Every structure is written in structure tokens, then in C-alpha cells.
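Chain order of the listed sequences is A and B.
Heads up: the first sequence begins at 0 in numbering that gives the first Met the number 0, then just goes up one per residue.
Heads up: the second sequence begins at 0 in numbering that gives the first Met the number 0, then just goes up one per residue.
Treat the hints as calculated values from the structure; they're not laboratory data.
None of the values given here were measured: they were computed from a predicted structure.
We put the CB at the ideal spot given by N, CA and C, even for glycine.
Mixed in with the good hints there might be a few duds.
From the structure, some residues in chain B lie toward chain A, with a derived Cβ separation under 8 Å [as the list claims (entries may be wrong)]: (1) Leu66; (2) Lys68; (3) Ser70; (4) Trp72; (5) Pro75; (6) Arg79; (7) Thr83; (8) Arg89; (9) Leu91; (10) Ala103; (11) Val106.
Between beta-carbon pairs, the in silico distance windows are [said to hold, decoys possible]: (12) Gly255(A) with Asn93(B): 47 to 53 Å; (13) Asp87(B) with Phe204(A): 16 to 22 Å; (14) Thr265(A) with Pro110(B): 56 to 62 Å; (15) Lys73(B) with Gly248(A): 48 to 54 Å; (16) Thr56(B) with Leu186(A): 48 to 54 Å; (17) Leu6(A) with Gly63(B): 35 to 41 Å; (18) Phe204(A) with Asn14(B): 26 to 32 Å; (19) Arg174(A) with Asn93(B): 52 to 58 Å; (20) Gly248(A) with Arg79(B): 47 to 53 Å; (21) Ser205(A) with Ala220(B): 30 to 36 Å; (22) Glu137(B) with Leu186(A): 49 to 55 Å; (23) Ser205(A) with Pro110(B): 55 to 61 Å.
Here are a few chain A residues that sit away from chain B, every Cβ distance over 10 Å (derived from the structure) [what the hints assert, rightly or not]: (24) Val40; (25) Pro70; (26) Gly75; (27) Asp161; (28) Asn168; (29) Met184; (30) Tyr222; (31) Ile267; (32) Ile276.
The lines below spell out each chain.
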Amino acid sequence: MRAQFVLSEIGVGLRRNLTMTIAVVVSVALSLALAGASLLVRDQVNSMKDYWYDKVEVSIYFCIKADHNSPQCASGAATDDQVAQVKADLDKMAPLVQSSTYESSQEAYKHFKESNPDNPLLAAVGPDAMPQSWRVKLSDPTKFDVIQSAFAGKPGVKSVDDQRKILENLFGLLRGLQTAAFVIMVLMLFVALLLIVNTVRVSAFSRRRETGIMRLVGASNFYVQMPFIAEAAFAALLGSVLASGLLIGGHFFVHGWLAKKVGFITFIGLSSVLAVIPLLVVVGMGMAAIAAFFTLRKYLKV
Amino acid sequence: MIRFDNVSKTYPKQNRPALDNVSLEIEKGEFVFLVGSSGSGKSTFLRLCLREERPSTGAVHVLGKDLGKLSNWKVPHMRRQLGTVFQDFRLLPNKTVGQNVAFALEVIGKPKSAINKVVPEVLDLVGLGGKEGRMPGELSGGEQQRVAIARAFVNRPMLLIADEPTGNLDPQNSVGIMKLLDRINRTGTTVLMATHDQAIVDQMRKRVIELDKGLLVRDQARGVYGYQS
Ligand SMILES: Nc1ncnc2c1ncn2[C@@H]1O[C@H](COP(=O)(O)OP(=O)(O)OP(=O)(O)O)[C@@H](O)[C@H]1O
Ligand SMILES: [Mg+2]
């Protein structure tokens, strides 16, 4: 089989059917871009989990004078003994408790002042308004409940806070986005498959003279079907190149613009984007070739 | 070369068989006319030989192979050993005469060098030497049929099957085509030809097989057309 002959046949076929080919290329590109985006969001969530779960802490806040209205702080501000008792209990909980650091009211006030220099509250309150706390680092951040049940309601403890809660909301949002991308991807993929089937059918019909003669003179099924399959696979290749372009464009958008707006997230690198591209190309071309093959079994009999 | 054993063919959704319990044998090197009125089953007979159709009952042997036992993927290989010619020529209008013949060789994977050599040879043989670069549309019907015969014969098949090859031609061109088929037959190729052309059958005096409503009604050596259509 001579490559030049085959290539020229593909070119003729694709041009004959230009509008359909464009429709196939665009729908394949969109479905593959969404598939890639969905994979990348998953990577992003995973990398953020790794990064943030390492950093998040559980904070055990102690009562301050102003809290005497709330039931768990009825006896007023926490005493030094109470603070020390919590520390002793924490130390008993190794290895779940990896480490715990103390933050005094003064330190808390200083941190608040640094991160919110213009807050009008600053003028009104002093360090007394800030609770002292233990910042606890867990070996397994998902075991927050253990700390919560051990220290909530202990004398002098006002509340036990898990920073992970805030992250969970963000991850939930990202997972929602990922699911949405996946659902749209499935729909687009379905549309792309229908378009491929139809394009192959039209193509087979418009070339029935050639294929009739090919069968007559004894061309093998493979030889008769191959140009159609190659055509579909080639259109899918164009689609996956376009999809890769969209993903790489999306990457630079995220890094150039979004990363400046939301500084606290580290976005996954270009290498992750490049890593999904071969997968998209293979899946796209394979899918198109298989769809074409099964269409031909129906419309191009021996 | 061809053997039919009690072959019947009923097309789907038809109550009358197109071919009804036909048994016959055609030997190597024979020239055979297949005659009969319209709808008598001539094309069906030929399509069974090409395995474009399968018999409803009975067995068809072509070139020593039982086509009923031949798996689908072996069919192309079997067809390479046959040549086929039709009433409507079946040429590709956007390819030149030479490209039309070459196409048949390209799609079965013949190397370019061999194609370049045999195409002019076979065009010479059918009397179209030098018309390699012409488009089919620029040729007369007789010349177009010669191109089709060149394409069918370029692989030197053992068997040439022709379904009314002179059906679209005037008497003069028809005689030319018959002379060509006779020459091909003299090289040893078996020729099986369905036709309505009384003058040709009467003049050639070859074996005549007549079908009527799917039944084999006559098988005569050195026969004539023999009925009024
Ligand atoms: N594909 C088909 N489906 C259903 N019936 C068919 C099909 N092909 C042929 N027939 C029927 O089978 C019978 C024989 O047809 P066939 O084409 O073999 O006749 P023929 O002798 O070649 O006729 P003609 O001289 O007009 O070419 C006819 O009654 C025809 O209507
Ligand atoms: Mg017929």
C-alpha cells in the first residue's frame, strides 16, 4: 500500500465534505478540551489537598473576659492552669498530634493587625479582645473529630476550629466544576460521535462508485475501509490539536491572570497540562476510528 | 471452472425464486453465453459466481472453491482471480483511461513499477494504445467498454464474467467488443457472458445456456439465440 496514494485519498475526502469535517473537528475539540479540563481540575484538587492539608491546623481557642455570656465560658477568662492542662492532654495524644504551638493574645493581636492594617475595629479593641489558642498539627488532618470531641467543652475552652472546613468548601466547589465539565463532556462526546458516524456515512455514499470498483477488482476490506477510517482519525487529530491549544491557552490564562487575583492557590504547572495531551490525542483518534469502523460495517458491505 | 449444484436463490421478500434448482458445469477455456428474457435470472447467476450474493440452497464452486465455505475476508483474494465487465462500464469519470486501469492495480497493492509497465501493454491489447491520458467522457461507448475490459484483464484472470457488455453499444461497436472477448478467450481465459444480443450469439456459435423464470431450460453446444424476446 502506497502512502502517497492513501494520503491524497484522505485529502480529497476531507475537502469534499468540508462543513461536516469542520463540525467533527470542533465537536471533538470541545469534548476533548472538557475531558482534559476535568482531568486537570482533579489534579489541581489533589495537589491542593497535598499542599494545604500539610499546613492546616486545628485551633483550640480559650475564653476571654468578654465571653462570659456564652455558656462554655461562664466562669470568665481561661486560667493559665486550664491552658496548661489542655497542652498536657494534647501531648498525650501523640502520634495523632504531631505538634502544638501556643499563640498568646498579644501575638494574635499582632497577626490580626498585620493582615488587616486598615480594619476600624483595631482602634476599638486591644490585645484583650483576642483569644489565646493552641495551634495543633495533626498527622492525619481528617481525624479532626477526635480533637473536637476531646476538647470541646473542657474548662476554659471556648471553641475548637478546623481550618480544613474552609478548604472543604473550596474543594467542593472545584469538584462540582469537575462534575459539570464531565457531564458536558459526555454530551459533547455523544454529539461528536453522531457527527463522525454521519460524516463517514455521507462520505461512503459519495464514494460508492470508487468503493464499488475497489470491491469488484478485489481490494481487501481493510484497503476499502482504511481511507474512511483514516479520514475520521485525521479529523479527530485536528480536533485534539485544537483541544490541546485550548488547554494550553487556559493554562496561561490561569497563571497570568487568575493566579494574581487569588494568590493563596498554587496552580498546577504546564507539565501537568502537557501530560494529559497525549492521552487526549490517543482517545480522540481511537474513538473516531472505532466509530468509523462500526459505521462502515453497516454501510460498506463486502 | 464454475459448477452449480442444485442452486436456488430467492431474494428477501420475494415469493418467486430468481434462480430455481440450477445445476451445470463450465470447463476451463470455454466461451459461454447466458441468455433469457428480462428477469430470467442471468444477473443473479453471475452475482452468485462473484459471491455478491449467496445461494439460498445448493452450492456454487468457482475456480475450484466452494463459495459457500469461503470466509468473508478471503472473498477479495478470490475476486482478484476474476475479471468483471458490466453494461454501464463502471469507470471513474475523474480519472484518465490509464489511471482507471492503474486504480484496479493500486487498490490491490501492486507496486508502482509493475503498474507503469502493464497498463500501456493492456491498453495496446484492447486497441487503445496512445489513449492513456484521455478522460472516459471523451471516449465513445465502445472505447469506454474497452477500458473496462482492459481493467478486467490486466491481471490475466482465469475467468472473465461479463453482464451484457454490449448492452449500451451500437452493432458496430458490439462486434468490436466481441472480437476482443474472443481474443481474450483464445489466450485460455474462460468467458461467461450474459446477453440479449441475438445477432452476436447466432454469429459466434458458442455454448448457449438459457434461463427462463429462473429455470435452466437449454444448454446447447455451438448454439443459437433461439427465442424471440
Ligand atoms: N436485489 C434484488 N432484490 C430482490 N429481487 C431481485 C434483486 N435482484 C433481482 N431480483 C429479482 O430477481 C429476478 C431475476 O433478476 P435478474 O437481475 O437476475 O434478471 P436478468 O436476467 O439479469 O434480467 P435483465 O435481462 O433485465 O438484466 C427478477 O424477478 C428480479 O426482480
Ligand atoms: Mg441483468
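Here is what the structure says about each hint:
Given the 8 Å rule on beta carbons, the hint for Leu66(B) is violated: about 12 Å separates it from the nearest Cβ of chain A. With 8 Å as the threshold, the beta carbon of Lys68(B) stays out of range of chain A, its nearest partner Cβ sitting at about 15 Å, so the hint is violated. Proximity of Ser70(B) to chain A is violated relative to the hint, the smallest CB-CB distance being about 10 Å (cut-off 8 Å). Of the supplied interface hints, the one on Trp72(B) holds, with its beta-carbon coming within about 7 Å of a beta-carbon of chain A, less than 8 Å.
Here the hint on Pro75(B) is kept, as its CB sits about 5 Å from the closest CB of chain A, short of 8 Å. Hint status for Arg79(B): holds, given a least beta-carbon distance of 4 Å to chain A, under 8 Å. For Thr83(B), the interface hint holds, the least distance from its beta-carbon to any beta-carbon of chain A being 5 Å, beneath 8 Å. The restraint placing Arg89(B) at the interface with chain A holds, with a minimum CB-CB distance near 6 Å, inside the 8 Å limit.
Annotation: Leu91(B) was flagged as interfacial toward chain A, and the flag holds, the nearest CB pair being 6 Å apart, inside 8 Å. With a cut of 8 Å, the hint placing Ala103(B) at the interface with chain A holds, because the nearest CB-to-CB distance is about 4 Å. For Val106(B), the suggested interface contact is upheld, since its CB lies about 4 Å from the closest CB of chain A, less than 8 Å. The hinted window of 47 to 53 Å between Gly255(A) and Asn93(B) holds, with their beta carbons roughly 51 Å apart.
The hinted range of 16 to 22 Å is satisfied by Asp87(B) and Phe204(A), whose Cβ atoms lie roughly 18 Å apart. In this structure the hint that Thr265(A) and Pro110(B) lie 56 to 62 Å apart at CB holds, the actual value being about 59 Å. Look at Lys73(B) against Gly248(A): about 51 Å separates their beta carbons, and that is inside 48 to 54 Å. In this structure, Thr56(B) and Leu186(A) meet the distance hint of 48 to 54 Å, their C-beta atoms being roughly 50 Å apart.
Checked against the hint of 35 to 41 Å, the pair Leu6(A) and Gly63(B) passes, with Cβ atoms roughly 39 Å apart. Checking the proposed 26 to 32 Å range against Phe204(A) and Asn14(B) shows it holds: the Cβ atoms sit about 31 Å from each other. Taking 52 to 58 Å as the suggested C-beta distance range, the pair Arg174(A) and Asn93(B) conforms, at roughly 56 Å. Look at Gly248(A) against Arg79(B): about 51 Å separates their beta carbons, and that is inside 47 to 53 Å.
Checked against the given bound of 30 to 36 Å, the beta carbons of Ser205(A) and Ala220(B), roughly 47 Å apart, lie outside it. Take Glu137(B) and Leu186(A): their Cβ atoms lie about 52 Å apart, and the range 49 to 55 Å holds. Here the CB-CB span from Ser205(A) to Pro110(B) is close to 29 Å, at odds with the stated 55 to 61 Å. In this structure Val40(A) is separated from chain B by more than 10 Å, as the shortest Cβ-Cβ distance comes to about 46 Å.
Interface exclusion of Pro70(A) from chain B stands, the closest Cβ pair being 84 Å apart, more than 10 Å. Even its closest Cβ contact with chain B, about 91 Å, leaves Gly75(A) beyond 10 Å, as expected for a residue assigned away from the interface. Against chain B, the non-interface label of Asp161(A) holds: every CB pair exceeds 10 Å, the least being about 65 Å. At roughly 59 Å, the least C-beta separation between Asn168(A) and chain B is larger than 10 Å, which holds for a residue marked as non-interface.
Distance check on Met184(A): its Cβ is at least 37 Å (rounded) from any Cβ of chain B, clearing the 10 Å threshold; non-interface status holds. Under the 10 Å C-beta cut-off, the non-interface status given to Tyr222(A) relative to chain B is violated; the minimum distance is some 6 Å. Annotated as non-interface, Ile267(A) keeps its C-beta farther than 10 Å from every C-beta of chain B; the closest such distance is 48 Å. Interface exclusion of Ile276(A) from chain B stands, the closest Cβ pair being 35 Å apart, more than 10 Å.
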